[in-house]
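Protein sequences appear in the order of chains A and B. This note's numbering puts the first residue of the first sequence at -5, with every later residue one more than the last. This note's numbering puts the first residue of the second sequence at 344, with every later residue one more than the last.
Please keep in mind that the hints were generated in silico from the structure rather than gathered at the bench. One should not assume that every hint holds.
[Said to hold, decoys possible] Below, computed lysine-lysine pairings styled on DSSO-like, alpha-carbon distance capped at 27 Å:
#1 B:K398 / A:K55
#2 B:K346 / B:K414
#3 A:K107 / B:K413
#4 B:K361 / B:K398
#5 B:K400 / B:K414
#6 B:K413 / B:K398
#7 B:K356 / B:K398
#8 B:K400 / B:K413
#9 A:K43 / B:K361
#10 B:K346 / B:K396
#11 B:K361 / B:K396
#12 A:K43 / B:K356
Remember, predicted model here, so these are calculated numbers, not experimental data.
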Amino acid sequence: AQSVTQPDIHITVSEGASLELRCNYSYGATPYLFWYVQSPGQGLQLLLKYFSGDTLVQGIKGFEAEFKRSQSSFNLRKPSVHWSDAAEYFCAVHGSGNTGKLIFGQGTTLQVKP
Amino acid sequence: DVKVTQSSRYLVKRTGEKVFLECVQDMDHENMFWYRQDPGLGLRLIYFSYDVKMKEKGDIPEGYSVSREKKERFSLILESASTNQTSMYLCASSFGGLAGVRGVETQYFGPGTRLLVL
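Bound conformation, chain A alone (with noise of 0.2 Å):
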């Protein structure tokens, strides 16, 4: 079965330093990898999305992904992070056939510090 593993649950960074968010699937064919945002109070908004082609993916708001089918992995990237990036992330992977499911992650949560 799919699956979605986040292995940081909390991660704090200095404003303006890198970030590197992991991700760990679990699925038979090519995936269909996504990255969602939420921030206090709000819905999910997507970050970024890859379906095939480019293993790297730019998204919105300065933020990357890679995709690593050795490692079964689907890591989230920013080069220098900014105070409003704080705010909790979910990586996810499109289920089985053709339902449109997604199966997240449990979520990791950013703080930023001054």
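Put chain B on the given structure of chain A with help from the hints.
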């Protein structure tokens, strides 16, 4: 822009009450979803619908039902609210059809309803 709206941002109900959460999308999406979000558990799928009057159970359907009478509207019903249903409820929608076509996999989320059951 896709817009998904939910009828309430905050809701307080008493144990045993029947609760209705409404979700409306304006993108003519075929698929609609209801999730609950709890700390440390991520998002868990309650029910989803891939067409009007069609519904399927997700991972945690117990204690919930849904209704989809019109394409743009998907309602979540708590038949008899209990304290363990206190949670954040998120609605989402996406295009239907074959995976990889029309971006069917990309879900668009509403702002959420935070429900407190006393």
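**Request:** For the pair we were handed, K400 of chain B and K414 of chain B, check the Cα-Cα distance against 27 Å.
**Result:** With Cα atoms ~18 Å apart, K400 of chain B and K414 of chain B stay inside 27 Å; holds.
**Message:** Between the alpha carbons of K43 of chain A and K356 of chain B, is the straight-line distance 27 Å or under?
**Reply:** Violated, at roughly 37 Å.
**Asked** Does the structure keep K398 of chain B and K55 of chain A at a Cα separation of 27 Å or less?
**Response** With a Cα-Cα distance of about 35 Å, the restraint between K398 of chain B and K55 of chain A is violated, given a limit of 27 Å.
**Item:** Satisfaction of hint between K398 of chain B and K361 of chain B, Cα-Cα up to 27 Å
**Value:** holds (20 Å)
**Item:** Holds or violated: K361 of chain B to K396 of chain B, with C-alpha atoms at most 27 Å apart
**Value:** holds (21 Å)
**Request:** Decide if the proposed pair is consistent with the structure: K43 of chain A and K361 of chain B, CA atoms, cutoff 27 Å inclusive.
**Result:** Between K43 of chain A and K361 of chain B the Cα gap is close to 38 Å, so the pair fails against 27 Å, i.e. violated.
**Prompt:** Hey, K356 of chain B versus K398 of chain B, does the alpha-carbon distance stay inside 27 Å?
**Reply:** holds (26 Å)
**Request:** Could you grab the alpha-carbon distance between K413 of chain B and K398 of chain B and see if it respects the 27 Å cut-off?
**Result:** Measuring from Cα to Cα gives roughly 13 Å; hence the hint holds.
**Given hint K413 of chain B paired with K107 of chain A - CA-CA distance at most 27 Å** = violated (46 Å)
**Asked** Holds or violated: K400 of chain B with K413 of chain B, Cα cutoff 27 Å?
**Response** With a Cα-Cα distance of about 19 Å, the restraint between K400 of chain B and K413 of chain B holds, given a limit of 27 Å.
**Request:** Starting from K346 of chain B, check that the Cα of K396 of chain B is at most 27 Å away, please.
**Result:** holds (22 Å)
**Asked** Can the restraint linking K346 of chain B and K414 of chain B be considered satisfied, given a maximum Cα separation of 27 Å?
**Response** Holds, at roughly 14 Å.
Violated hints for the displayed structure, listed by number in ascending order: 1, 3, 9 and 12.
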